[in-house]
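Chemist: Each protein sequence line maps, in turn, to chains A and B. Just so we're aligned, residue 1 is where the first sequence starts under the numbering used here, counting upward by one. Just so we're aligned, residue 160 is where the second sequence starts under the numbering used here, counting upward by one.
Keep in mind that the hints were calculated from the coordinates and are not lab data. Ideal Cβ positions, reconstructed from N, Cα and C, are used throughout, including at glycine. Keep in mind that a hint or two might mislead.
Facing chain A, according to a computed beta carbon distance under 8 Å, are these residues of chain B, among others [as the list claims (entries may be wrong)]:
id: 1; residue: K178
id: 2; residue: G267
id: 3; residue: S311
id: 4; residue: G393
id: 5; residue: L424
Cβ-to-Cβ under 8 Å is the rule here; a few derived chain A residues that face chain B [stated by the list, open to error]:
id: 6; residue: E59
id: 7; residue: I106
id: 8; residue: K116
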Amino acid sequence: MKLIVGISDMKIGTKPDDELVTYSLGSCIGVAIWDPVAKVGALLHYMLPDSSIDKDKAEQKPYMFADTGVPRMFKEIYKYGALKERLKVYIVGGAQVMDDSGMFNIGKRNQMIIRKMFWKNNVAVTKEDVGGAVNRTITLNVGSGNVRLKVSGQGEVEL
Amino acid sequence: MSRVAEILNIANHIPPFPKVAMQVMRMLDDPRVQAKDLAAVIQYDSAITANILKTCNAAYFGLPRKVSSLDEALVLVGQNILKDIIIASSSARFYQGVAGNGYQLEQGELWRHSVATAIMAKSISPHFRGVDPGAAFTTGLLHDIGKRFLSSFVANDFQRIMDRTYVDGMAFIAAEHEILGMDHAELGGLILQKWDFSEEMIRAVQHHHDPYALDLEPLIALVAMANTLVISAGVGVGAGGLTGAMQGEGLKRFSISGADLERYLANLILEMERAEEMMALSN
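Turn these sequences into a full structure, and let the hints guide you.
Modeler: Following this line, the structure appears as structure tokens:
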């Protein structure tokens, strides 16, 4: 079944024919994780790096922010038998418009925070496609662990 | 006919902005106007009437109870909100079907992007002294109207535009301009002019991709900022992606910080959920 992950959301797929997809990642980041033994996958679409700007929103929508969303996604997938050391991890997105002042550098800030979090927690990224000025769509096939990436104006490729 | 002439020819044959909407907007500037006077005008446009009833119950507009008739809506809705509802109800017809498919926007995406920009424009308007929140909403809603009418031209030359953008590193809008002789912002300005919107709104539509828009007049800066944030959030972006520049330095003049931008983005997602009825209007 196709499971669509909206902005500030996360979904878990447990069936071999589940496909997790999130459309149109601009400055937002999509994080896909998959356990090849437990055959379970999760996809997160966070929009902003740091929940300290709005604690109320973080309560309502923990997946809006990297600092609240990423740990929660990992905790959730462990419930389905996934193990951290087996996880394949993919990150895509984090684009931004060109701006010398750095005011609109949300894409870059979104990239920096997840690198920092993964480094601190010993999570290795399997593959990534981040930055630039493109719009991305990512699909994770739960049965095969296959991850496909579609970039604005180009075809779909395997990541 | 040259391509620019062909595009201008289409622009000249664009249907008028609904007369009823324009008339109601003028009436709303007159404090003596009553709900029944408004109803007498609006009811002649059944599409607008139906849309008003669909949208006014969106949580976004915060009415105290559900509304089921036009008269009831007009009594219950405050004047400022009524303007937003009427503009949205009247504009939706231009965004129906595959209005943005030349830009690789799926059905409904151009409208979704436009509503999101209108919502963002209105929320940030307190930072921009002298800008009327209603004008911000309307301009946000119409800033990409040029795409609706340029879509088929973009589709015809799609690969060339994409190559200039992603191989040669141009902004999508600059590639559009180079290859078609006209871009969607410029065409949008011409359409608003034809529809008799204010000079201020026309300029804001024309300049919404100008890299130095944030240094220009307040409404131009406001719409450019709102559009940039909505694109960053990935709402209705399409083939152009995030190409092009928007120099953020000018935001300081309006006392807007990077953290403010993030707070507005966080709000946008919840406000969009509360405006689902408005988002559904182009279906």
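Chemist: For the hint on B/L424, just tell me whether its beta-carbon gets within less than 8 Å of chain A.
Modeler: holds, 6 Å
Chemist: Is the interface hint satisfied for A/E59? The criterion is a beta-carbon contact with chain B at less than 8 Å.
Modeler: Violated - the Cβ of A/E59 stays beyond 8 Å from chain B, reaching only about 12 Å at its closest.
Chemist: Is the interface hint satisfied for A/I106? The criterion is a beta-carbon contact with chain B at less than 8 Å.
Modeler: A/I106 check passes; min Cβ-Cβ to chain B is 6 Å, inside 8 Å.
Chemist: Against chain A, with CB atoms and a cut of 8 Å, does the hint on B/G393 hold up?
Modeler: holds, 4 Å
Chemist: Would you check whether B/S311 satisfies its interface hint, that is, whether its CB is within less than 8 Å of any CB in chain A?
Modeler: violated, 17 Å
Chemist: Once the shortest beta carbon distance from B/G267 to chain A is found, is it less than 8 Å?
Modeler: Result: violated, 13 Å to nearest chain A Cβ.
Chemist: Please check whether A/K116 passes as an interface residue: C-beta within 8 Å of a C-beta belonging to chain B.
Modeler: violated, 17 Å
Chemist: Quick check on B/K178 please, does its C-beta sit within 8 Å of some C-beta on chain A?
Modeler: With a closest approach of 36 Å, the B/K178 hint is violated.
In summary, the numbered hints that this structure violates are 1, 2, 3, 6 and 8.
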